[in-house]
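Chains as they are written, first to last, in our numbering: chain A, 1 to 107; chain B, 1001 to 1119.
FYI, nobody ran anything at the bench for these hints, they're computed from the structure. Don't be surprised by glycine CBs; every beta carbon is placed ideally from N, CA and C. A couple of the hints might just be wrong.
Partial chain A-side listing against chain B, Cβ under 7 angstroms, derived [unchecked claim]:
| id | residue |
| --- | --- |
| 1 | Val46 |
| 2 | Gly50 |
| 3 | Ser83 |
| 4 | Tyr87 |
| 5 | Phe94 |
| 6 | Phe98 |
| 7 | Gly101 |
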Amino acid sequence: DIQMTQSPSSLSASVGDRVIITCRASQSISSYLSWYQQKPEKAPKVLIYGATNLQSGVPSRFSGSGSGTDYTLIISSLQPEDSATYYCQHSYGFPRTFGQGTKLEIK
Amino acid sequence: EVQLVESGGGLVQPGGSLRLSCAASGFFFSDHWMSWVRQAPGKGLAWVASINQPGSETYYVDSVKGRFTISRDNAKNSLSLQMSSLRAEDTAVYYCVRLSSSWRYYDYWGQGTPVTVSS
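Same shape as in the complex, but just chain A (with noise of 0.2 angstroms):
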């Protein structure tokens, strides 16, 4: 099984400040990785698939890069709307898992 890795568990950080998140897979995924937020009591979302890829009506702000086995998503000027856990999840075969999640807090 394929087990992702993901970094901080937790961080905190100021509006307009440039956040980086990473994911790291214990194999090769070939960019078959996204990124989902989720707000408290609200259903995930998605932001970013293969690797790269806006999801259509997500912000600008937020990119993501990577390939092979590391991945990292980046919000170039955090918003406080961006307050939220983040998780990164690969779709590269089965079983499908989801990093462990990092949780953003604003200051």
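Start from chain A and add chain B according to the hints.
What follows is chain B alone, placed relative to chain A:
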């Protein structure tokens, strides 16, 4: 507008059974893989099961194999998860999710239905 509406969650005793349903609308249901994802209280997301478009292929996380069955009725635009031999660790919110046709990511999620396994 794509909609996924789950139902069937509730309180069940350990060892009991429950059937979750998901009513899909706003898209060609038979064109998409579908999945169930769950989230235990205060925990992260966990993939549970997936099914292909005709329902001929199913995949499960190891912890539910032999206990859960995912199925679909394309004529009724519905997805189901039959859960049996339920354990306390199955307590979670269960989400019905649609797989995008490309890149295999979850592009639409239901609102979730809570399942509590407790005596």
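Verification of the hints:
Given hint, Val46 (chain A) at the interface with chain B, holds; its Cβ is 6 angstroms from that chain's nearest Cβ, closer than 7 angstroms. With its C-beta approaching chain B no nearer than about 4 angstroms, Gly50 (chain A) sits inside the 7 angstroms limit, and its interface hint holds. At its closest, the beta carbon of Ser83 (chain A) sits 17 angstroms from a beta carbon of chain B; the interface hint therefore is violated under the 7 angstroms criterion. Annotation: Tyr87 (chain A) was flagged as interfacial toward chain B, and the flag holds, the nearest CB pair being 5 angstroms apart, inside 7 angstroms.
With 7 angstroms as the threshold, the beta carbon of Phe94 (chain A) comes within range of chain B, its nearest partner Cβ sitting at about 4 angstroms, so the hint holds. A hinted interface residue such as Phe98 (chain A) counts as satisfied when its beta carbon comes closer than 7 angstroms to some beta carbon of chain B; here the least separation is about 5 angstroms, so the hint holds. About 4 angstroms separates the beta-carbon of Gly101 (chain A) from the nearest beta-carbon of chain B, less than 7 angstroms, and the hint is met.
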